[in-house]
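Asks: Chain residues, written in single-letter form:
There are 2 protein chains.
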Amino acid sequence: MKPFEQITIIGVGLLGGSAALASLERGAARRVVGFGRRRENLEEAKRLGAIDDFSLDLEAAVKGSDLVIVCTPVGSFASLADRLAPILEPGCLVTDVGSTKAAPVREFEEALPDGVHFVGAHPIAGGEKSGIQAARNNLYDGARCVITPSQKTDPEAMRRVVEYWECLGMRVESMEPEEHDYIFGAVSHLPHVAVYALVNAIAQMKTKTDGTVLSYTGAGLKDCARIAGSDPTMWRDIFLVNKKWILKSMDQFQAALDEIRAGIEKEDSVALDQSIRLANKHYSQMAKDDRRN
Amino acid sequence: MKPFEQITIIGVGLLGGSAALASLERGAARRVVGFGRRRENLEEAKRLGAIDDFSLDLEAAVKGSDLVIVCTPVGSFASLADRLAPILEPGCLVTDVGSTKAAPVREFEEALPDGVHFVGAHPIAGGEKSGIQAARNNLYDGARCVITPSQKTDPEAMRRVVEYWECLGMRVESMEPEEHDYIFGAVSHLPHVAVYALVNAIAQMKTKTDGTVLSYTGAGLKDCARIAGSDPTMWRDIFLVNKKWILKSMDQFQAALDEIRAGIEKEDSVALDQSIRLANKHYSQMAKDDRRN
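Protein sequences appear in the order of chains E and Z.
Just so we're aligned: 420 in the working numbering is position 266 of the first sequence, and the numbers increase by one with no gaps anywhere.
Just so we're aligned: 277 in the working numbering is position 123 of the second sequence, and the numbers increase by one with no gaps anywhere.
If we strip away everything but chain E, and leave its shape as in the complex, we get (with noise of 0.2 Å):
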């Protein structure tokens, strides 16, 4: 791909800092520059070659970039949209990394002038790890990337940035906006927020010595609770925004808790054989699937 002249990182933790490390790594941008909060943070970005300046002025930092990354919780993703605005250089691309995309993208398409054009993507990648030194260059390589084009996406701007995440070795495919949020509400939200019940109810039941039966923790609860490790703001965020398909997946998640409470307190042996059977055929189908990706 032609290179962008100079990329700006919104927000250089994990997905920010390895999108900067893989864009500079393999030729996706001549130059990277780092925007921030912290100035701890963005000294280390720079020290970790991730980026090769940064500022801690909005305006400093955008100034020359022909493509703007954002990398911070959507949260607060509609007021950087406004302070943009005013401020990208025409031609401009805008792309982010966020895990929601409906209102984002309606965010910034609201916000931004004509001939300033965003793009909304989805790279499946992060982990329980965040932070500027969690970053890594191959964090996308062979990862699925979605892109979330609406009507009113620029054709040539959408091509450029799905080269861009291309680029950075991501299987990109495309979706709707809502069909995205809902995608993600039932297979990443959901299982946030079950988790992040589970942790916490589990933690409040105490031993007869009044130690946490949280000890006590085997290897299945350990490898559900590893996403109870990711960013706390990122997914605060991600609830507030995504709300709306979030409660839905929470709906179908509930019949289903009900289902099998129901079984349990009827002792329905037959019921809770086909409910157990059933999760265990899907989890070898998604092993299986997992085996051909």
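Possibly wrong hints are sitting among the right ones.
Treat identical chains as interchangeable: a pair holds within one or across any two.
No farther apart than 30 Å at their CA atoms in a straight line, the calculated lysine-lysine pairs in the DSS-like style are these [what the hints assert, rightly or not]: (1) 360 - 442; (2) 362 - 398; (3) 360 - 398; (4) 420 - 397; (5) 398 - 283; (6) 360 - 435; (7) 420 - 398; (8) 360 - 376; (9) 435 - 398; (10) 376 - 402; (11) 397 - 362; (12) 376 - 283; (13) 360 - 402; (14) 442 - 376; (15) 397 - 306; (16) 402 - 442.
Note that these hints are calculated values from the structure, not bench results.
Position chain Z relative to chain E; hints supplied.
Replies: Leaving out everything else, chain Z in the frame of chain E:
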């Protein structure tokens, strides 16, 4: 330890097969005999060197054994206790690998004659794989084993059973059967309930093109879903046998879930932040404990 002359393994799957392999390799038994319902499975166990011999007849399988290890789903324990009572030789010890302990301890203590002693055990080992093919000689090595003596437990039988599990490399600790079922109802059984419900709920949701949203599963849900791969019959039985404590845990879980739901509905960012940070803190503690173990 002084080896048992002959151990009979009742149910030669992942747990039973692994106990058999380790018993022979570590000199805990001079000879291991398998009992089960499916001849092909027992033949496979013999071929893999887990057992010296097998029988499809329970009386023949326990003849001459001074230790019997019950490795079948916990729902089968009551009837097995009745069948074993008249055929075990005087002085024979009985232990098990069941994930619930109050019912097994009660069922065996009621059924077994004087001079034949039961000592309940829950080796915290296993995983999403099951069957003799998944058995391995180090499954128990370094893992925890909870022994659940009652007021009726014979001290010498207890000493021998502890010695046996320690010989397999386990870190043995003891607690009352009810305390065990309360703790593992929370840290192990509840997560299974939650994950079965989670997987079944998500699997019902369809994309616009009528595909399953599960195909968008990321690392977080995959990590969680692994426990949905565990043996269905084993888990159905656990749900039925530990009904009391699982329902109590589910009440706690429901309360934690309702709290997060209320936070999302009211868009209460402070409350959500608190719930998420609390879970995050518990996760960090679990990760720390893990490194210490």
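Asks: Determine for every hint whether it applies to the structure shown.
Replies: Hint-by-hint comparison with the structure:
1. Within a single copy, residue 360 and residue 442 get their C-alpha atoms only as close as 39 Å, which misses the 30 Å cut-off; across copies the closest is 19 Å, which meets it.
2. Taking the shortest Cα distances, residue 362 and residue 398 sit within 30 Å of each other only across copies (17 Å), while inside one copy they are farther apart (41 Å).
3. Taking the shortest Cα distances, residue 360 and residue 398 sit within 30 Å of each other only across copies (17 Å), while inside one copy they are farther apart (35 Å).
4. Taking CA atoms no more than 30 Å apart as the test, residue 420 paired with residue 397 passes between copies only; the shortest distance there is 10 Å, against 34 Å inside one copy.
5. Proximity of residue 398 and residue 283 under a CA criterion of 30 Å is satisfied intra-copy only: 27 Å inside one chain copy versus 37 Å between copies.
6. Taking the shortest alpha-carbon separations for residue 360 and residue 435, only the inter-copy value of 17 Å comes in at or below 30 Å, while the best intra-copy value is 34 Å.
7. Taking the shortest alpha-carbon separations for residue 420 and residue 398, only the inter-copy value of 12 Å comes in at or below 30 Å, while the best intra-copy value is 33 Å.
8. Taking the shortest Cα distances, residue 360 and residue 376 sit within 30 Å of each other both inside one copy (18 Å) and across copies (29 Å).
9. For a Cα distance limit of 30 Å, the shortest separation of residue 435 from residue 398 qualifies both inside one copy, at 29 Å, and across copies, at 27 Å.
10. Proximity of residue 376 to residue 402 under the C-alpha cut-off of 30 Å is found in both arrangements, the shortest distances being 27 Å within a copy and 21 Å between copies.
11. When the C-alpha separation of residue 397 and residue 362 is checked against a cutoff of 30 Å, the pair qualifies only between copies, where the shortest distance is 20 Å, while the shortest distance within a copy is 39 Å.
12. When the C-alpha separation of residue 376 and residue 283 is checked against a cutoff of 30 Å, the pair qualifies both within a copy, at 15 Å, and between copies, at 17 Å.
13. In the homo-oligomer, the alpha carbons of residue 360 and residue 402 lie at most 30 Å apart only across protomers (13 Å), although the nearest pairing inside one protomer, at 33 Å, exceeds that limit.
14. With identical chains, the CA atoms of residue 442 and residue 376 are at most 30 Å apart both within one copy (22 Å) and between copies (12 Å).
15. Taking the closest pair of Cα atoms, residue 397 and residue 306 come within 30 Å of each other only inside a single copy of the chain (24 Å); across copies the shortest separation is 55 Å, beyond that limit.
16. Within a single copy, residue 402 and residue 442 get their C-alpha atoms as close as 28 Å, which meets the 30 Å cut-off; across copies the closest is 35 Å, which misses it.
Checked against the numbered hints given earlier, this structure breaks none of them.
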